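Colleague: In the order they appear, the protein sequences are chains A and B. Just so we're aligned, residue 1 is where the first sequence starts under this note's numbering, counting upward by one. Just so we're aligned, residue 1001 is where the second sequence starts under this note's numbering, counting upward by one.
Hints are computed from structural coordinates only; laboratory data are not their basis. Predicted model, so just to flag it, every value in this text is computed and none were measured. No residue lacks a Cβ here, since even glycine has one placed at the ideal position from N, Cα and C. Heads up, some of the hints might be wrong.
Unchecked claim - Away from chain A, derived, C-beta distances all over 12 Å, residues of chain B:
id : residue
1  : Ser1055
2  : Asn1192
3  : Thr1205
4  : Glu1239
5  : Ile1300
6  : Val1308
7  : Ser1353
8  : Phe1456
9  : Met1489
10 : Val1521
Said to hold, decoys possible - Simulated restraints on C-beta separations:
id : chain 1 : residue 1 : chain 2 : residue 2 : range
11 : B       : Val1044   : A       : Lys8      : 44 to 50 Å
12 : A       : Ser10     : B       : Leu1040   : 29 to 35 Å
13 : B       : Gly1049   : A       : Lys8      : 34 to 40 Å
Take a look at the letters that make up each chain.
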Amino acid sequence: MTLDKAKKGSRVMIKNINDKDIKSQAIRIGLYEGAVFMCSEKLPGGPVILQSKLQEIAIGRGLAANIDIEGVR
Amino acid sequence: MAHCHDSNVNIKIKDGEKKLVLVGNPNVGKSVFFNKLTGLYVDVSNFPGTTVDISYGRYKDYVVIDTPGVYGVSSFNEEETVARDVILFGDVILNVVDAVHLDRDLFLTKQLIDMGKPMLVALNLMDDVKRNGLSIDIAKLEQLLGVPVIPTTAIKAEGLDLVLNSIAKARVGNRNSDLTKKINEFIDKVDNEAEALLVLEDDETVAERHNVHTSGLRDEIYIARRKEVEEIISKSVIESNKGASFRTKIGRWMLRPITGIPMLAVTLYIMYKIIGVFVAGTVVGITEETIMEGMYRPFIEGIAGNFVAQGTFIGDLLIGEFGILTMAPIYILGLLLPLIVGFYILMAVLEDSGYLPRIAALVDRSLTSLGLNGKAIIPLILGFGCVTMATMTTRILGTKREKIIATFLLGLAIPCSAQLGVIAGLISQLGAYYTIVYVLTILAVFIVAGTLLNKFMPGESSKLLIDLPPIRLPQLKNVLMKTAQKTWMFLKEATPLFLLGAFLISVMQYTNILTAIQNAVAPITVGLLDLPKETATAFIMGIIRRDFGAAGLTSVSMTQIQTMVSLIVMTLFVPCIAAIMVIFKERGYKDALIIWLGSFVVAFGVGGIVAFIF
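So that you can see chain A by itself, here it is in the shape it has in the complex (with noise of 0.2 Å):
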């Protein structure tokens, strides 16, 4: 599954980023292959916002639809 189908609420794992140029700068601000996240928003047809404790990122529709991610309990 991709991030952008990622259900609001839902805890997700990130699997993979398809996105090379942009992978180098998401590990930085804690986006990488095993980080989890809470899934707090999704703007219609915009960002998705993921959570961690008190840190959110958002992450565009067309990142998003670019990374791998796997449902978490």
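Got chain A; can you put chain B on it based on the hints?
Modeller: For chain B alone, kept in the frame of chain A given last:
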């Protein structure tokens, strides 16, 4: 095969002097430390081949060098490239960290530690920690990092002296042992450990300098480092969540379209009231009319009049209609400065409160269809203040493609504040119907131009990936300092352009080129746009100062349709001469020429179509 590669940083170092480099994420208050260390005697040098300036000064035996704010050391953008070379150049590193944003800032800290240079950390913005329901075990953090960690609130001067006294205690921190092993295997091929690390992290530039290959390990190293950061935070930071839930809620409201759009509308309305009404009206009335026109102009004309006569070439050049000593300073200081300050204050409030990145997320979807991402909202908002300032801000955008699209849209369809005032005056004579036609036309041009550019320009725009910091109350002192810094940067960069612009226009006027251009444009305005001949003068004047142009229209008698058409052309028409020069400077000569001619064609084309329909 060691080479010496200090040449990129052209700062003279005396014998026995050590190089102390200040490093930190953007907006962590680094400049307060820099000023405290260096005092008033600061030099600025442009970094070769970039638009980035670095400041340096002296403190005791140290040459203190500032670096641009970065999230990590690599070559993802110009700022990082510059920061990287200055860090490689340095002996001791002072890393300034935002205590509230440790999860964001410690990546850089750990990376610096892995470079193996002696360093110390200033844990800044401590006063915000408690207010955000956090507490930090500083002794633990110091133990985990292995370098001195000094809590500070730089803005209140708390802890600054302690930082200064601790510079001598800077030491090499706890480096990642796996990495150190790899660095040691590599060290012979480069000059030092820091360079070895960067090559291991796939920095092409550093690898090229030493004729070595990158290792392809960047992502692996970054992930390991990120995990270390998370572990350090889990051991040293305690979140009490007190008061956080309410702030989290506000943050959500800002994001959700159903609440976010009204909040944004109210925010923009307040901004308009403050800048469009109060600053542009009341403040500029005082600064431009009373001070600059009323006091400065007679003063400077009196002085200069002793040496040169008005009407001569030199006289016109200095104190004529578009004089370097008259029009330029009156425009920059009387009109632009208050507006720029106003805009920067409001943007700093939006930024420091954490609202700005949320606005970027909210508008991301709409801007994606124009080939931009949410971040582009920042230059687009600034454009309503000054297109010159906004064009400089397009530097924050990720790709060349986005920079070109944003620059074109700014020059084309965003009327700057100088122009808006006059447009508003003329529009009031139009009546509701034509006003709506005008607004819709400009909006349509904006959307169509962006959509077409997105469709036909090669390449791909970068996607939004943005950290949403917790919502917090901005601090006045911080806001004012940021404003002062940015305003100063703007004045430094834009003033030469405005002076050069005034010079060019004076020459063109004196040599009658201005009249010739006006006559050449006249057939288009009369034939295509169905406007009186004199409007050509107004359009050309609009290049000098957009508000001149719009004001020039007031003196021409026109029908309502003619007024509307001329306002459309005026708005879409090329920006003022300073903005044009900034476009050339930022985008390069070829792209700038296309942007410039493009906006000409669109302005007259759209004007012609509207004139034809009505």
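Colleague: So, for every hint listed, does it hold in this structure?
Modeller: Okay, the hints, checked on the actual structure:
1. Ser1055: holds (26 Å)
2. Asn1192: holds (23 Å)
3. Thr1205: Holds, since 15 Å exceeds 12 Å.
4. Glu1239: violated (6 Å)
5. Ile1300: holds (50 Å)
6. Val1308: Fine: 56 Å to the nearest Cβ keeps valine 1308 (chain B) off the interface.
7. Ser1353: holds (15 Å)
8. Phe1456: At roughly 19 Å from the nearest Cβ of chain A, phenylalanine 1456 (chain B) sits farther out than 12 Å, so the non-interface label holds.
9. Met1489: Per Cβ check, methionine 1489 (chain B) is outside 12 Å of chain A; nearest 25 Å; holds.
10. Val1521: Its Cβ never comes within 12 Å of chain A, the nearest being 43 Å, so this holds.
11. B:Val1044 <-> A:Lys8: 44 to 50 Å: The hint (44 to 50 Å, Cβ to Cβ) holds, given that valine 1044 (chain B) and lysine 8 (chain A) are roughly 49 Å apart.
12. A:Ser10 <-> B:Leu1040: 29 to 35 Å: violated (56 Å)
13. B:Gly1049 <-> A:Lys8: 34 to 40 Å: Violated: the Cβ-Cβ distance is about 46 Å, outside 34 to 40 Å.
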